[in-house]
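Trainee: Chain by chain, the residues run as shown.
Protein chains: 2
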Amino acid sequence: MRPIVQCVPNISEGRDKEKIERIIEPLKDHNGFHLVSYEPDADYNRTVITLLGDPEEMLSPLLAFIERARELIDMNKHKGEHPRMGAVDVLPFIPISGIDMEACTRFANQLGKRIAGELDIPVFLYGEAATKKKRKRLPNIRKGEFEGMKEKIRGNEWHPDYGSPRIHPSFGTIAVGARLPLIAYNIDLATDNIEIAKRISRAIRGSSGGFKHVQAGPAHLQERGHVQVTMNILNYKQNPLYRIHETVKMEALRHKVDVPSSEIVGLIPKDTIIRSLRYYYAVKGQSLDEEDMRLSEIAEAAKEHFGFRDFGVEKIIEANIEED
Amino acid sequence: MRPIVQCVPNISEGRDKEKIERIIEPLKDHNGFHLVSYEPDADYNRTVITLLGDPEEMLSPLLAFIERARELIDMNKHKGEHPRMGAVDVLPFIPISGIDMEACTRFANQLGKRIAGELDIPVFLYGEAATKKKRKRLPNIRKGEFEGMKEKIRGNEWHPDYGSPRIHPSFGTIAVGARLPLIAYNIDLATDNIEIAKRISRAIRGSSGGFKHVQAGPAHLQERGHVQVTMNILNYKQNPLYRIHETVKMEALRHKVDVPSSEIVGLIPKDTIIRSLRYYYAVKGQSLDEEDMRLSEIAEAAKEHFGFRDFGVEKIIEANIEED
Numbered sequence: 177m178r179p180i181v182q183c184v185p186n187i188s189e190g191r192d193k194e195k196i197e198r199i200i201e202p203l204k205d206h207n208g209f210h211l212v213s214y215e216p217d218a219d220y221n222r223t224v225i226t227l228l229g230d231p232e233e234m235l236s237p238l239l240a241f242i243e244r245a246r247e248l249i250d251m252n253k254h255k256g257e258h259p260r261m262g263a264v265d266v267l268p269f270i271p272i273s274g275i276d277m278e279a280c281t282r283f284a285n286q287l288g289k290r291i292a293g294e295l296d297i298p299v300f301l302y303g304e305a306a307t308k309k310k311r312k313r314l315p316n317i318r319k320g321e322f323e324g325m326k327e328k329i330r331g332n333e334w335h336p337d338y339g340s341p342r343i344h345p346s347f348g349t350i351a352v353g354a355r356l357p358l359i360a361y362n363i364d365l366a367t368d369n370i371e372i373a374k375r376i377s378r379a380i381r382g383s384s385g386g387f388k389h390v391q392a393g394p395a396h397l398q399e400r401g402h403v404q405v406t407m408n409i410l411n412y413k414q415n416p417l418y419r420i421h422e423t424v425k426m427e428a429l430r431h432k433v434d435v436p437s438s439e440i441v442g443l444i445p446k447d448t449i450i451r452s453l454r455y456y457y458a459v460k461g462q463s464l465d466e467e468d469m470r471l472s473e474i475a476e477a478a479k480e481h482f483g484f485r486d487f488g489v490e491k492i493i494e495a496n497i498e499e500d
Numbered sequence: 177m178r179p180i181v182q183c184v185p186n187i188s189e190g191r192d193k194e195k196i197e198r199i200i201e202p203l204k205d206h207n208g209f210h211l212v213s214y215e216p217d218a219d220y221n222r223t224v225i226t227l228l229g230d231p232e233e234m235l236s237p238l239l240a241f242i243e244r245a246r247e248l249i250d251m252n253k254h255k256g257e258h259p260r261m262g263a264v265d266v267l268p269f270i271p272i273s274g275i276d277m278e279a280c281t282r283f284a285n286q287l288g289k290r291i292a293g294e295l296d297i298p299v300f301l302y303g304e305a306a307t308k309k310k311r312k313r314l315p316n317i318r319k320g321e322f323e324g325m326k327e328k329i330r331g332n333e334w335h336p337d338y339g340s341p342r343i344h345p346s347f348g349t350i351a352v353g354a355r356l357p358l359i360a361y362n363i364d365l366a367t368d369n370i371e372i373a374k375r376i377s378r379a380i381r382g383s384s385g386g387f388k389h390v391q392a393g394p395a396h397l398q399e400r401g402h403v404q405v406t407m408n409i410l411n412y413k414q415n416p417l418y419r420i421h422e423t424v425k426m427e428a429l430r431h432k433v434d435v436p437s438s439e440i441v442g443l444i445p446k447d448t449i450i451r452s453l454r455y456y457y458a459v460k461g462q463s464l465d466e467e468d469m470r471l472s473e474i475a476e477a478a479k480e481h482f483g484f485r486d487f488g489v490e491k492i493i494e495a496n497i498e499e500d
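In order, the protein sequence lines correspond to chains A and B. Position 98 (the first sequence) corresponds to 274 in our numbering; numbering is contiguous. Position 289 (the second sequence) corresponds to 465 in our numbering; numbering is contiguous.
Since the hints were derived computationally from the structure, they do not count as laboratory data. Be aware that a few hints might be false.
Claimed, not checked - Derived contacts from chain A toward chain B, CB cut-off under 7 Å, selection only:
| # | residue |
| --- | --- |
| 1 | His389 |
| 2 | Gly393 |
| 3 | Pro394 |
| 4 | Glu422 |
| 5 | Met426 |
| 6 | Leu429 |
| 7 | Arg430 |
| 8 | Val433 |
| 9 | Tyr455 |
| 10 | Lys460 |
Where a beta carbon is used, it is the ideal one built from N, C-alpha and C, also for glycine.
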């Protein structure tokens, strides 16, 4: 089975549909990977593109795509609400299955080297591919944006990882990296008391002493008539879903509040679910037949153990890939 | 009721008993606070001193004690295994009851100012009293130790918070600060499988993504014939005991291992127990009569809910203070 990564380049154009189509064209109709989606945002003036498949096959098309963006986007004229420093602003490789973070970091380096060498664009490595601690978080690199980067890149501290220490005059610069998928996970509380969602959020989120990779806050779902703890999980391996789910249930006990259901926003890798099913099956004293379970069975088991609502096999990333 | 702090100065002398007695003498026989203990360590060549009581009453005696240390300890001749930068190396104020962190920070500042002004010793503020993020952790300040501090203190980055940027020639320099009490808490697992204690430690400790202020590792208790998760809790307000205890129980479920008991090493403030009893009483739907509970009742309730073994009222810090 081929390795599968998710690759999510962001381009600094979200208004001119025709231009976006021309930039994205080199990413269409490949055997080794799929162009899953692209979502232009006019306010941000930015488009988020999602690719899924074999990273080896993505490299040359990505290079052609970046070359198109260099040709068609002039950052000197770009305005939008989202911070940005380049025509293709950021490009992460995200391990989904059959590949680890180290391999994704290697692909980030291969692509970065070619972007600098063939397209004359300076490259910063970020996330797990970062070469310095300060470059791990993208906002640190991007600070000053396109306009400030002209000066910033000249100093020793912000010398690019590939290429020369001057921005491309119209493209700017790009961050290429590797990171775990971000899981958007919300847990429903059977109450409309937002204070309870606040208190539970504080108990579990990293910023107030809870689980390191969990960002959490309270939300009130007007139409459904209850509150929830809404979360981003930045590292589902160190902070698995079951542990967060069970801790929220434990905290809810003191408020006499039930935790009837939860939801995944967007897609999640199969591995996220499997890691948590291992816990629930072990607690029940049952063995989990990981290798032989079909994706539809995994989805059903997830619904049963997490109370996922509006969930189906199509929310598992791997279900969106046909085997070649 | 008077405010109560714990104050724990460390001196760089752990071998010469007579000298230690002379240095400590100004801390004895006061009405407003008690000299609870002092524990010389010959290998470290260091003595940890514990005071308990009203911080206002401690200030002048502490100053006399530091003056004695300045007189009797020459850091140019000091050798020991523990890192150190001064004759009195570190001096934290720890809020126990009737006082908050802000007030402890004020006492650290008052004492620091007098140490610099009256004794000509440069002072660094650390912990919650730190004036810069980098000075929060004591090891950052102490790096280079007495020998390296001569140079280090001259640069802009390590200008002392009080006093001039040169060490006292024989005393060195001192860190004065404010911090929460450190809780040493061990949870017993009904198994002799150390791997299970390792896995649970990894799940809960900050360094591997768990609760931020929890340091945890596995331990095998040879004589008792079982393993435990052994912990330091650096902030019991953000990481309360009940949450750690319940999370360990939740993780133990997957290993089919019981969590029969736990233990507190050293003393804990009443507040630590009360905060967790609030949880257990709320879960049971009972109200906790915080104001009217006697310390002995609090100790009993803690034993019941945490399975504390070898625990009694004497382990609660407040039980060691007679009201004046």
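Trainee: Give a verdict on every hint.
Mentor: Each hint tested on the structure:
| no. | hint | verdict |
| --- | --- | --- |
| 1 | His389 | holds, 6 Å |
| 2 | Gly393 | violated, 17 Å |
| 3 | Pro394 | violated, 18 Å |
| 4 | Glu422 | holds, 5 Å |
| 5 | Met426 | holds, 5 Å |
| 6 | Leu429 | holds, 5 Å |
| 7 | Arg430 | holds, 4 Å |
| 8 | Val433 | violated, 11 Å |
| 9 | Tyr455 | holds, 5 Å |
| 10 | Lys460 | violated, 10 Å |
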